[in-house]
Amino acid sequence: MDYQKLGFKAGLEIHQQLDTKEKLFCHCSTELSDKFPITVERKLRAVAGELGKVDEAARYEFKRQRTFFYKANPETSCLVELDEQPPESMNKEALHIALQFCKLVSANIVDEIHVMRKTVVDGSNTSGFQRTAMVGLNGKIKTSKGVVRIPTIQIEEDAAAPIDRTEDTVTYRLDRLGIPLIEVATGPDIKDPEHLKETALTIGRLLRVLNVKRGIGTIRQDVNISISGGARVEIKGAQDLKLLPKIAEREVIRQRNLLEAREELIKRNASVCDEIFDVTDLFKETKCRFLKNARAILAVKLERFSGILGREIQNNRRVGTELSDYAKTQGVGGIIHSDEDMKKYNIEEMDAVRKALNANREDAIVLCASTRLKATRALRQVIKRAKMLLEGVPEEVRKALPDGNTQYLRPMPGASRLYPETDIPPLVIDEKTKDEVEVPERPERIMARLKKIGLSDELAEQLFSSKRLKVFERIYAKHNADPVLIATTLENTLVALRRDGVPVENISDEALEELFDLYYEGYISKEGIPDVLTTIALNPGKRLRDMQLRKMSEEEVRERIREIVSKNKHLLKQHNPFKKIMGEVMKELRGKADGKLIAKIVKEFI
Amino acid sequence: MSYSKRIEDELKKKGIKIGDRVKVGDVEGLLMPSPEITGNPDFLVIKLDNGYNIGVKFKGKIEKSSTKEPQRIKKEFEYEVEETHAQSIPKCHDLPMISLISAGGTISSKVDYKTGAVYPSFTSRDLFAQVPELSKIVCFKELKTVSEVLSEDMCYEDWIEIAKECAYQINDGAGGVIVAHGTDTMHYTSAALSFMLSGLSKPVVLTGAQRSTDRGSADSAMNLICSAHASISDIAEVGIVMHAETDDSYCFFIRGTKARKMHTTMRNTFRPINDYPIAKIWPDGKVEPLQTYKKRADGKVKADTKYEPNVALVKAYPNSDPTIIDYFVKKGCKGIIIEGTGLGHVPTQNKKYSWIPHVKEAVNSGVFIGIAPQTLYGKLNPDVYANGRILAYEANAVHLKDMLPETAYVKLGWVLGHTKSMKKIKDMMLTNYAGEFKERLQPDMFLY
Numbered sequence: 001m002d003y004q005k006l007g008f009k010a011g012l013e014i015h016q017q018l019d020t021k022e023k024l025f026c027h028c029s030t031e032l033s034d035k036f037p038i039t040v041e042r043k044l045r046a047v048a049g050e051l052g053k054v055d056e057a058a059r060y061e062f063k064r065q066r067t068f069f070y071k072a073n074p075e076t077s078c079l080v081e082l083d084e085q086p087p088e089s090m091n092k093e094a095l096h097i098a099l100q101f102c103k104l105v106s107a108n109i110v111d112e113i114h115v116m117r118k119t120v121v122d123g124s125n126t127s128g129f130q131r132t133a134m135v136g137l138n139g140k141i142k143t144s145k146g147v148v149r150i151p152t153i154q155i156e157e158d159a160a161a162p163i164d165r166t167e168d169t170v171t172y173r174l175d176r177l178g179i180p181l182i183e184v185a186t187g188p189d190i191k192d193p194e195h196l197k198e199t200a201l202t203i204g205r206l207l208r209v210l211n212v213k214r215g216i217g218t219i220r221q222d223v224n225i226s227i228s229g230g231a232r233v234e235i236k237g238a239q240d241l242k243l244l245p246k247i248a249e250r251e252v253i254r255q256r257n258l259l260e261a262r263e264e265l266i267k268r269n270a271s272v273c274d275e276i277f278d279v280t281d282l283f284k285e286t287k288c289r290f291l292k293n294a295r296a297i298l299a300v301k302l303e304r305f306s307g308i309l310g311r312e313i314q315n316n317r318r319v320g321t322e323l324s325d326y327a328k329t330q331g332v333g334g335i336i337h338s339d340e341d342m343k344k345y346n347i348e349e350m351d352a353v354r355k356a357l358n359a360n361r362e363d364a365i366v367l368c369a370s371t372r373l374k375a376t377r378a379l380r381q382v383i384k385r386a387k388m389l390l391e392g393v394p395e396e397v398r399k400a401l402p403d404g405n406t407q408y409l410r411p412m413p414g415a416s417r418l419y420p421e422t423d424i425p426p427l428v429i430d431e432k433t434k435d436e437v438e439v440p441e442r443p444e445r446i447m448a449r450l451k452k453i454g455l456s457d458e459l460a461e462q463l464f465s466s467k468r469l470k471v472f473e474r475i476y477a478k479h480n481a482d483p484v485l486i487a488t489t490l491e492n493t494l495v496a497l498r499r500d501g502v503p504v505e506n507i508s509d510e511a512l513e514e515l516f517d518l519y520y521e522g523y524i525s526k527e528g529i530p531d532v533l534t535t536i537a538l539n540p541g542k543r544l545r546d547m548q549l550r551k552m553s554e555e556e557v558r559e560r561i562r563e564i565v566s567k568n569k570h571l572l573k574q575h576n577p578f579k580k581i582m583g584e585v586m587k588e589l590r591g592k593a594d595g596k597l598i599a600k601i602v603k604e605f606i
Numbered sequence: 001m002s003y004s005k006r007i008e009d010e011l012k013k014k015g016i017k018i019g020d021r022v023k024v025g026d027v028e029g030l031l032m033p034s035p036e037i038t039g040n041p042d043f044l045v046i047k048l049d050n051g052y053n054i055g056v057k058f059k060g061k062i063e064k065s066s067t068k069e070p071q072r073i074k075k076e077f078e079y080e081v082e083e084t085h086a087q088s089i090p091k092c093h094d095l096p097m098i099s100l101i102s103a104g105g106t107i108s109s110k111v112d113y114k115t116g117a118v119y120p121s122f123t124s125r126d127l128f129a130q131v132p133e134l135s136k137i138v139c140f141k142e143l144k145t146v147s148e149v150l151s152e153d154m155c156y157e158d159w160i161e162i163a164k165e166c167a168y169q170i171n172d173g174a175g176g177v178i179v180a181h182g183t184d185t186m187h188y189t190s191a192a193l194s195f196m197l198s199g200l201s202k203p204v205v206l207t208g209a210q211r212s213t214d215r216g217s218a219d220s221a222m223n224l225i226c227s228a229h230a231s232i233s234d235i236a237e238v239g240i241v242m243h244a245e246t247d248d249s250y251c252f253f254i255r256g257t258k259a260r261k262m263h264t265t266m267r268n269t270f271r272p273i274n275d276y277p278i279a280k281i282w283p284d285g286k287v288e289p290l291q292t293y294k295k296r297a298d299g300k301v302k303a304d305t306k307y308e309p310n311v312a313l314v315k316a317y318p319n320s321d322p323t324i325i326d327y328f329v330k331k332g333c334k335g336i337i338i339e340g341t342g343l344g345h346v347p348t349q350n351k352k353y354s355w356i357p358h359v360k361e362a363v364n365s366g367v368f369i370g371i372a373p374q375t376l377y378g379k380l381n382p383d384v385y386a387n388g389r390i391l392a393y394e395a396n397a398v399h400l401k402d403m404l405p406e407t408a409y410v411k412l413g414w415v416l417g418h419t420k421s422m423k424k425i426k427d428m429m430l431t432n433y434a435g436e437f438k439e440r441l442q443p444d445m446f447l448y
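Protein sequence lines, in the order shown, are assigned to chains L and E. For the first sequence, our numbering gives the first residue as 1, with consecutive numbering after it. For the second sequence, our numbering gives the first residue as 1, with consecutive numbering after it.
Worth flagging that the hints you see were computed from the coordinates, not collected in a lab. Hints should not be assumed to be uniformly reliable.
Pair by pair, the computed Cβ-Cβ distance ranges are [said to hold, decoys possible]:
(1) P132/E with R268/L: 55 to 65 angstroms
(2) G217/L with M262/E: 52 to 62 angstroms
(3) K287/L with P132/E: 35 to 45 angstroms
(4) D444/E with T67/L: 22 to 32 angstroms
(5) D153/E with E93/L: 54 to 64 angstroms
(6) K61/E with G333/L: 44 to 54 angstroms
(7) T264/E with G217/L: 26 to 36 angstroms
Which residues of chain E face chain L? A few of them, derived with a C-beta cut under 7 angstroms, are [stated by the list, open to error]:
(8) G51
(9) Y52
(10) I54
(11) G55
(12) D247
(13) M262
(14) T265
(15) M266
(16) E394
(17) T419
Here a beta-carbon is modelled for each residue, glycine too, at the ideal position from N, C-alpha and C.
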């Protein structure tokens with residue numbers, strides 16, 4: 001595809017959690033919880049923003065009238081998360097990290113930070129808004145396809161994470177709410193789907209030199225995409241960078257197909273009737289099981305739409321799917337439309353429905369079965385979306401699906417979602433403060449340094465992306481030796497142990513430093529490192545030095561080996577006795593003495 | 001707005017007004033007013049096209065922008081309620097008729113650019129527009145604003161005005177009254193109304209909000225909805241109806257003389273003290289009585305608002321200076337409530353700190369001294385310890401059983417408005433007019 005010709009425009013919004021000790025507006029820990037003993041039940045309402053408008057997205061959520069349950073753990077949430085106490089002042093550590101990022105991308109730090117409330121009534125914020133503030137403007141990064149502008153850098157609080165949904169309720173966990181994030185937005189300078197991935201990677205690497213959280217869910221990217229004649233669509237929840245180009249490609253295809261469908265509809269002079277018909281009675285004797293049990297079956301007529309709803313617009317997704325997505329927001333299971341195979345549903349009443357709606361073969365029919373209220377609301381959405389088909393591509397927020405397709409999520413929020421957070425006074429960042437923020441070492445320099453001390457490209461990359469980079473640097477600086485051993489221990493060995501079920505999350509950076517101190521003092525052998533790590537992991541809180549590690553003298557080693565050899569004399573007669581004896585000896589002495597020394601002594605006995 | 005003179009001059013010169021699209025350096029957006037108290041007058045507040053505000057240090061230059069603002073940003077500064085709701089009071093369809101009195105507070109507040117904080121500025125009409133559900137429960141006879149202050153700025157004149165308005169509305173046909181009020185001193189007002197509304201035959205419900213109404217999580221909507229249900233219930237008492245739990249589950253109807261704000265920030269801040277709630281009120285209209293109460297009846301209400309404001313509320317505590325009593329007496333105070341320690345004590349034995357001579361002198365000079373529990377929970381008893389007996393029988397202070405200090409303070413002003421006779425004052429202070437005393441306390445009333 002010629003993306004330039006298509007008028008492809010894309011921008012990214014990257015949200016990165018910061019690894020601060022406390023949350024952005026309270027003193028709760030930013031670690032996550034695994035138990036949630038407290039449950040609170042709430043409702044949210046739509047309210048007007050500073051400019052007086054009720055935001056479209058907020059109104060939409062309010063109409064759904066859902067109940068929200070919040071699960072809390074006292075370690076990771078307090079009255080602030082529960083919306084029972086005003087926020088404290090902004091976390092200094094988080095602000096510092098955000099300012100560092102501004103410097104990394106040469107953005108202008110704002111003179112005075114105003115915390116805003118961004119209306120969010122999907123329940124993911126107990127307050128009904130997310131606190132967010134602009135900290136940097138007009139930055140830029142270099143990519144292989146030219147400069148990508150970074151017009152805005154914000155600092156904000158993360159939202160609560162959903163853990164369960166039913167038709168009318170959503171359950172959230174509150175541990176994530178309030179964790180500091182920086183949001184980095186690019187200009188619409190991204191040229192094609194591959195460039196999208198490259199830009200995301202570049203920004204991700206810049207973020208990783210800062211004190212940020214690492215691992216699944218700590219960085220999220222939203223993509224804005226449009227083509228000429230199409231519309232800006234925001235795609236949320238693309239967790240995997242590798243999927244970004246595919247998402248972009250598929251969105252371009254969807255917009256193109258929607259534009260083609262529009263052209264066809266215009267040609268046909270198609271139109272949408274506002275009337276919703278009750279056809280429940282027609283299905284009294286139906287063979288279709290789920291229609292037979294339905295409380296109400298309602299229908300709408302889309303004039304001269306026949307054949308359009310069945311058109312495929314993305315792999316396995318049809319125009320009808322778009323209508324269905326809108327309907328589903330009202331809590332119905334879905335819709336049935338006349339471009340589908342009615343035999344599949346055992347429906348024989350379509351002719352009767354057509355007759356009742358005064359529809360002919362050129363028209364399309366959409367049916368919805370649910371309670372009367374829900375079906376009415378759902379079909380209103382269908383009418384709304386069908387009318388948009390006549391306009392082209394609607395601006396909307398969509399959700400990324402695992403296969404690279406996208407699904408309608410909610411209307412595009414406007415600027416009217418923002419109004420001032422009056423509980424927090426504006427914060428001046430004076431010139432001196434701006435100057436004093438140190439620019440962190442850039443990713444390419446860190447990589448060069450790691451390679452220079454002898455790490456392979458792969459290992460350097462692994463370490464760069466890892467949260468253990470800092471402890472690596474400390475250990476290496478202290479002993480100035482064995483970079484590969486240190487790096488593989490921190491990366492590969494720990495990963496291998498985790499796979500074996502060892503709770504390596506119990507191993508603190510301090511314990512790792514101590515481990516290498518003891519290694520260089522000769523208390524631990526190279527081979528013994530995995531065992532010692534396991535011991536540390538299984539005894540959290542205990543200091544390694546207090547665990548009675550003792551270096552065996554050469555004589556003691558020789559004595560133990562003598563005993564083992566005499567017990568295993570038969571092995572001496574076998575093929576390759578050294579290997580066999582060594583195996584027996586290592587079973588007992590692994591980690592307690594240096595491997596080389598053991599081998600030397602074993603040889604003495606063969 | 002309150003930008004520095006330097007900025008104001010420049011704006012004037014350039015003909016720039018608040019709300020104009022401006023360019024300051026490479027920043028472009030709408031010029032917003034500066035928050036007066038917390039804002040910095042030398043920083044221009046600019047609303048960017050994405051809706052964010054930032055402060056830009058004024059370095060002498062600001063221009064009107066020639067570029068057009070994106071369409072979706074409307075130049076509107078007045079609060080505008082969603083059109084469909086903004087119609088005037090909807091027609092009633094055989095719904096019970098009640099009145100709503102707005103007396104300020106968070107429940108009727110919004111963002112205020114003058115202070116950069118939330119400040120009362122909604123009217124009763126706005127409140128109603130914010131909670132359209134109310135129109136399915138009640139019909140509003142009248143929506144009346146009597147005050148637009150936060151509750152710490154309220155005074156006894158406001159209580160009197162609200163009491164008179166409640167009586168007027170009920171006598172004029174309202175089947176109940178809702179008073180929207182700031183929460184900080186709501187329990188003082190509820191106590192005042194409890195004493196002032198004589199012969200009350202309809203519900204008078206005070207309600208408020210702990211979260212401002214401009215946010216999605218505002219508690220005001222459910223509080224108002226439950227209050228509407230309460231106002232048409234058969235509970236003919238003055239009470240506070242607000243969240244019972246941190247959940248948006250149901251409200252308590254708490255007797256006006258037994259309610260107290262117990263938390264600075266939580267939704268369920270109002271608790272019954274030495275009492276059960278009168279009822280639980282669900283947003284769907286279910287009313288679950290938890291004790292006996294005065295039932296709705298016919299008959300006129302009298303606003304008995306005679307009030308003596310020259311009364312005081314003081315607290316006895318370790319090392320406290322008892323000459324505070326002398327001070328109030330000298331100022332012409334007619335009665336003082338002392339929040340006593342424990343069962344109703346004041347520092348007694350240590351000559352340097354003893355309150356006894358001061359209390360004695362005050363009483364001898366005709367000033368009523370009442371003792372209320374600073375523990376809030378439980379009943380006073382002057383007979384258990386010698387110090388209590390000295391205070392009660394030598395200094396002649398009156399122990400006011402389980403009455404809340406704030407209620408006692410409000411009641412004292414009302415009693416003194418009716419009599420100057422020491423004996424009569426004492427009798428009235430110990431008479432149960434509006435449920436201010438509970439004869440029998442139960443263990444589960446504690447921390448209810």
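Query raised in the report: Was the hint right that G55/E lines chain L, CB cutoff 7 angstroms?
Result: 2 angstroms, holds
Query raised in the report: Should the interface hint for G51/E be scored as holding, given a Cβ-Cβ cut-off of 7 angstroms against chain L?
Result: 3 angstroms, holds
Query raised in the report: Holds or violated: is the Cβ of M266/E closer than 7 angstroms to a Cβ in chain L?
Result: 5 angstroms, holds
Query raised in the report: Between T264/E and G217/L, does the C-beta distance stay in 26 to 36 angstroms?
Result: For G217/L against T264/E, whose Cβ atoms are near 34 angstroms apart, the range 26 to 36 angstroms holds.
Report task. Take a look at whether the Cβ-Cβ distance between D444/E and T67/L falls inside 22 to 32 angstroms. Result -> 29 angstroms, holds
Query raised in the report: Per the CB criterion, is I54/E less than 7 angstroms away from chain L?
Result: 4 angstroms, holds
Query raised in the report: Does the interface hint hold: is E394/E within less than 7 angstroms of chain L, judged Cβ to Cβ?
Result: 46 angstroms, violated
Requested in this report: With a cut-off of 7 angstroms on the beta carbons, see whether D247/E makes it to chain L.
Outcome: For D247/E, the interface hint holds, since the closest Cβ of chain L sits about 4 angstroms away, which is under 7 angstroms.
Query - Outcome for the supplied range 54 to 64 angstroms, where the beta carbon pair is D153/E and E93/L - result: 39 angstroms, violated
Requested in this report: Could you say whether the range 44 to 54 angstroms given as a hint is met by the Cβ separation of K61/E and G333/L?
Outcome: 60 angstroms, violated
Query raised in the report: When you take the CB atoms of G217/L and M262/E, is the distance between them in 52 to 62 angstroms?
Result: 39 angstroms, violated
Requested in this report: Return holds or violated for the Cβ distance of K287/L and P132/E against the range 35 to 45 angstroms.
Outcome: 44 angstroms, holds
Comparing the model with each earlier hint shows violations of hints 1, 2, 5, 6, 13, 16 and 17; every other hint is respected.
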